[in-house]
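Using the hints provided, position chain B relative to the given structure of chain A.
Residue numbers (my numbering), protein chains in the order written: chain A, 1 to 199; chain B, 1 to 199.
Derived from the structure by calculation, the hints contain no laboratory data. Warning: the hint list may mix true and false statements.
[Said to hold, decoys possible] So, partial list: chain B residues that the calculated Cβ filter (under 8 Å) puts toward chain A:
(1) R8
(2) D11
(3) A112
(4) L150
(5) T153
(6) A156
(7) A157
(8) L163
(9) V167
(10) V171
(11) E179
(12) A180
(13) S183
[What the hints assert, rightly or not] Counterexamples of contact, computed for chain B against chain A with all Cβ distances above 10 Å:
(14) G39
(15) L67
(16) A70
(17) S132
All C-beta atoms, glycine included, are put in the ideal place defined by N, C-alpha and C.
Okay, here's what each chain looks like letter by letter:
There are 2 protein chains.
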Amino acid sequence: MANSTRDRIIDASSALFLQRGYAGTGLKLISDESDAPIGSLYHYFPGGKRELAAQTLRASGAAYQALVEAVFDAETDVVSGVRACFSAAAEALRLSDYADACPVATVALEVASSDEELRVVAAEVFESWLASATKRLRDGGVRPSAARELATTFVAALEGGFLLSRVARSVGPMRGIGEAIASLLEGELAPDGSRRFKR
Amino acid sequence: MANSTRDRIIDASSALFLQRGYAGTGLKLISDESDAPIGSLYHYFPGGKRELAAQTLRASGAAYQALVEAVFDAETDVVSGVRACFSAAAEALRLSDYADACPVATVALEVASSDEELRVVAAEVFESWLASATKRLRDGGVRPSAARELATTFVAALEGGFLLSRVARSVGPMRGIGEAIASLLEGELAPDGSRRFKR
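So that you can see chain A by itself, here it is in the shape it has in the complex:
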C-alpha cells in the first residue's frame, strides 16, 4: 500500500495546487484531502512542501501530456487533433464547474520569479509538452521550420483559454480560441501554400 499512499498524496496535491495555488495550499490541507498523516507526507517527501510540489508538477505534467496526446492521436489529422484538444478542455472545464484545468500553470506563475528550483521543474514540464506537440505537428505535415512556433502557440492558446474560461466561468473563450488555432493550422497546411504562416 506504500505506493498508493504516495499516489493519493500526489493526487490531492495536484488538485489543491491547481485550485488554490502553491502558497495557498498547506501541508495540513494536503494531509486531510489525501487521508494521509503529516508524517507520511514527510516520509515520502523528506524535502517537505517544495519537494512534494516538484514531484506533483512532474507527475501531473506527465499525466496531462499523456491525456492531451491521447485526445490528439485519436484524430486523423492535426487540425482535427488540435480542435479535439480544445473541445476536450472545454468539456472538462464545464463538467468540473471550471476547476479541471492545467495542473501546472497556477503554480508555474506563482513560482516563476520566486522559487528557482520549482521554476526549473515547471520549465521541464512545458518543454516536454512543446517537444511532443512539435513532433505531432511535423508528423502531420507542418513544415519543420514552422512546427515549433505553431506548437508553442497551440500550448499558449490552450493555457490562455484555461485562464479566460475559468475566470469567466464559460466555455466560450476555450471554444473560440480552439477554432482560431485550428484555422491558423489550416492555413499552414493549405495545398497551395498561399495561407502559410510566413516565417
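This is chain B only, laid out in the frame that chain A set:
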C-alpha cells in the same frame, strides 16, 4: 499625501501579487514594500487583504489595458499593432529579468475556484480587455463576426506567452507566438478573403 500612500500600497501589491501570487503575499510584506504601516493598509482598505487585492486587480488591470492600447494604437494597422504588443511584452520581460508580466493572471488562476468575489473582479478586468481588443480589431477591418474570437485568441496567446516565457526565462515563446497571431490576422484580412478565419 493621502493619495500617494494609497497609490504606493496599490503599486507594491500589484508587483508582489504578480511575482508571488495572492496567497504568497502577506500584508506585512506589502507594508514593508510600500513603506506604509499596517494601520495605513487597513485605513485605505478596511476589508483587508481581499479588498486590497480587488482594488489592485482593478487598478493594475486598467493601467495594463491603457499600456497595451497605447502600444497598439501607435501602429497604423491591426497586424502591426498585434505584433507590437507581443514585441513590447517580450522586451518588458527581458528588461525585468522575466518579472514584468500580466498583473492579473497569477491571482486570477489562484482565486478562480476558491474566491468568488475576486474571481468576479478578475472576470471584469478580462472582459474590459476583450471589449477593447474586439473594438480595435473591428475598427481595423476584421469582420464583426470574427472580431470577438480573434480578440480572445490574441489575449489568450499573450497570457500563454507570459506563462511560457517567464517559466523558460526566454523571450522566444512570446516572440514566436506573436508572429503566429499576426499571421492569423493577416489571413483574416487578406484582400480576396481566401485566408479568412472560417466562422
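Each hint tested on the structure:
1. R8: violated (21 Å)
2. D11: Status violated, d = 17 Å.
3. A112: Interface hint status for A112/B: holds (4 Å vs cutoff 8 Å).
4. L150: Constraint on L150/B satisfied, holds at 6 Å.
5. T153: holds (4 Å)
6. A156: A156/B check passes; min Cβ-Cβ to chain A is 3 Å, inside 8 Å.
7. A157: holds (5 Å)
8. L163: Since chain A brings a Cβ to about 5 Å from L163/B, closer than 8 Å, the hint holds.
9. V167: Hint on V167/B: holds, closest Cβ of chain A at ~5 Å, below 8 Å.
10. V171: violated (12 Å)
11. E179: Nearest chain A Cβ about 6 Å off; hint holds.
12. A180: holds (4 Å)
13. S183: holds (5 Å)
14. G39: G39/B clear of chain A: closest Cβ-Cβ about 25 Å, beyond 10 Å.
15. L67: The assertion about L67/B holds, with a minimum of 18 Å to chain A.
16. A70: holds (22 Å)
17. S132: holds (14 Å)
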